[in-house]
Amino acid sequence: MSRDEHEPDEPVRVLVVDDHPMWRDGVGRDLTEAGFAVVGTAGDGAQALRVAAATRPQVVLLDLNLPGLSGAELIARMRGPSLRILVLSASGERQDVLDAVTAGATGYLVKSARLEELVAAVRATAAGEAVFTPGLAGLVLGEYRRLAAGPAPDTPRLTARETEVLRLVAKGLTYPQIAERLVLSPRTVQNHVRNTLTKLQLRNKAQLVRYALEKGID
Amino acid sequence: MVAQLWRATAAFRLATLVYAVALILRHRHGYAHPLGGLLALAAMAGWTVLATAGYARPALRRRAFVVADVLVAVALILGTRWVDTGVHIDHGAPTLPVSWAAAPVLACAVTGGPWAGLAGAAAVSAADVVERAALAPNTFNGVVLLLITGVVGGYVVRLGTRAETAVERVARLEAATAERERIAREVHDSVLQVLSLVSRRGRELGGEAAELGRLAGEGETALRTLVATPPAAASGELELRALLEPYAAERVTVSGPAGPVPLPAAAAEAVAAAVGAALDNVRRHAGAGASAWVLVEDEGDVVTVSVRDDGAGFAADRLARAVEAGRLGVAQSIVGRMRDAGGTAQVTSSPGQGTEVELRVTR
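These protein sequence lines map, in sequence, to chains F and H.
First residue of the first sequence? That's 1 in the numbering used here, and the numbers climb one at a time after it.
First residue of the second sequence? That's 219 in the numbering used here, and the numbers climb one at a time after it.
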């Protein structure tokens with residue numbers, strides 16, 4: 001949170017990106033009522049990039065199912081030091097969700113989540129925390145196992161503790177419940193969860209750099 | 219494919235006709251009946267035209283026409299004995315149609331497969347042997363080659379036809395999948411968005427609207443499961459996530475890896491049935507408002523599925539006592555099913571802590 005540029009009392013600046021106008025307006029209104037500053041909305045990837053550049057939001061609430069740019073591409077191009085991306089999407093698109101968090105999104109919430117959950121998630125995202133659903137934990141766990149089974153030598157691995165924490169998140173336990181069960185502080189649980197994402201994202205970044213060098217783009 | 223085979227047969231017939239014509243024109247002065255040689259030549263040319271035209275029309279590719287084709291060849295082979303001199307024949311002179319007589323064998327193979335090919339080859343070979351009144355070594359070789367041509371030709375035709383059918387089926391399947399994906403996208407972009415919005419706003423409004431919202435949420439989950447494309451699995455295997463996804467509901471979360479989790483069909487079905495039984499238990503015993511989470515983990519050689527709920531739970535000895543008392547419900551439907559499929563099931567619970575069922579199958 002050392003990077004936070006805004007005063008603690010100022011409302012969190014949010015950009016809502018969704019191609020469905022009804023949904024966009026509904027969520028925008030809900031967030032405004034909950035005390036956030038909805039600084040813009042966008043219906044597709046290109047527009048999202050423009051609005052994000054103009055309004056400098058802290059949190060982008062992003063639907064993955066956009067026309068044009070893929071969610072992962074958009075995230076990779078939008079990502080900045082003071083901008084965090086919370087994916088709000090349908091549960092059906094597993095690979096898309098995994099690609100999105102690998103590309104740099106720090107949280108994921110299903111669209112059917114309750115308003116309290118959404119508000120808490122936007123707040124947590126703004127504070128630099130990772131927002132995990134059980135579904136996302138299952139995906140990340142599966143991705144680490146897939147990478148471990150593959151031939152690549154530099155794959156990131158989970159520590160035993162991180163695996164334990166992710167499994168409990170996937171089984172629906174809340175962070176305080178996990179902290180109690182593993183005799184840890186909730187803060188430590190949160191850090192473990194955050195680390196599992198950071199490692200995947202770093203690997204993704206390293207791969208992109210290597211790809212760019214191989215293709216002679218520098 | 220069939221049309222191409224008929225064209226190939228016609229080309230073979232024409233090429234061998236040219237060869238037979240050349241041989242007859244060259245040898246005719248030595249024939250006993252040179253005019254007979256020219257007659258045979260005319261018959262072969264005429265039949266080549268007739269057969270090529272006839273086989274070009276699917277309606278005429280019938281048994282009677284093929285039999286006539288074979289009979290023409292047989293008649294020409296037998297006619298050699300009348301046209302040519304006995305001395306020539308006994309010294310191994312070729313029959314009048316030479317390899318032209320193999321064309322009807324090909325026609326048999328293309329029409330009726332390996333057995334018909336064999337029958338046609340047998341008829342033509344028999345005529346060959348009768349014509350020579352002996353089975354000289356080169357006649358024998360010719361007969362063997364002809365029989366092989368009939369059987370192998372027919373077999374290749376059958377394989378080709380099957381491959382063609384398979385390719386057509388795959389093309390149809392691909393078209394159906396593409397259409398399914400299109401529908402899924404449409405449904406996703408329209409109906410699902412509205413349903414999830416109704417579901418969320420309904421719950422916030424409370425009262426009767428909350429009930430409507432709950433129903434919309436259930437509809438959303440069901441529809442989403444329906445339009446999700448099931449990943450393909452090898453034959454004899456089933457994709458576990460596709461089997462478990464339908465259990466997802468308002469209070470049931472199903473999670474696992476992004477990729478497919480294939481298992482032998484029997485094991486996959488046993489796991490799915492055990493998960494269903496465990497979720498039934500949650501509904502019946504965990505208490506109102508209990509949620510459940512199903513987690514699929516693929517560790518390579520072992521697949522683990524856990525079903526956890528946040529309900530009432532029970533004391534550790536209750537399950538054992540239930541088994542002793544003959545109330546086998548949970549034990550039989552979950553533990554027994556998994557044991558039958560070569561897996562294990564472990565149930566852990568304590569009062570107030572919910573229940574967790576862990577199913578494991580070794581690949």
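In short, the hints are calculated from the structure, not lab data.
Treat the hints with care, since some could be wrong.
Partial selection, computed: residues in chain F whose CB lies under 7 Å from chain H [what the hints assert, rightly or not]:
1) His20
2) Arg29
3) Ala34
4) Ala37
5) Arg94
6) Pro134
7) Gly135
8) Leu147
9) Ala149
10) Thr174
Per label pair, the in silico range of CB-to-CB distance [as the list claims (entries may be wrong)]:
11) Pro11/F x Glu429/H: 53 to 59 Å
12) Ala148/F x Ala483/H: 24 to 30 Å
13) Asn359/H x Gly150/F: 54 to 60 Å
None of the values given here were measured: they were computed from a predicted structure.
Using N, Cα and C, we set each Cβ at its ideal position, and we do this for glycine too.
Each hint tested on the structure:
no., hint, in the structure
1, His20, "4 Å, holds"
2, Arg29, "10 Å, violated"
3, Ala34, "11 Å, violated"
4, Ala37, "21 Å, violated"
5, Arg94, "4 Å, holds"
6, Pro134, "5 Å, holds"
7, Gly135, "4 Å, holds"
8, Leu147, "11 Å, violated"
9, Ala149, "6 Å, holds"
10, Thr174, "10 Å, violated"
11, Pro11/F x Glu429/H: 53 to 59 Å, "34 Å, violated"
12, Ala148/F x Ala483/H: 24 to 30 Å, "27 Å, holds"
13, Asn359/H x Gly150/F: 54 to 60 Å, "58 Å, holds"
Comparing the model with each numbered hint stated earlier shows that hints 2, 3, 4, 8, 10 and 11 do not hold.
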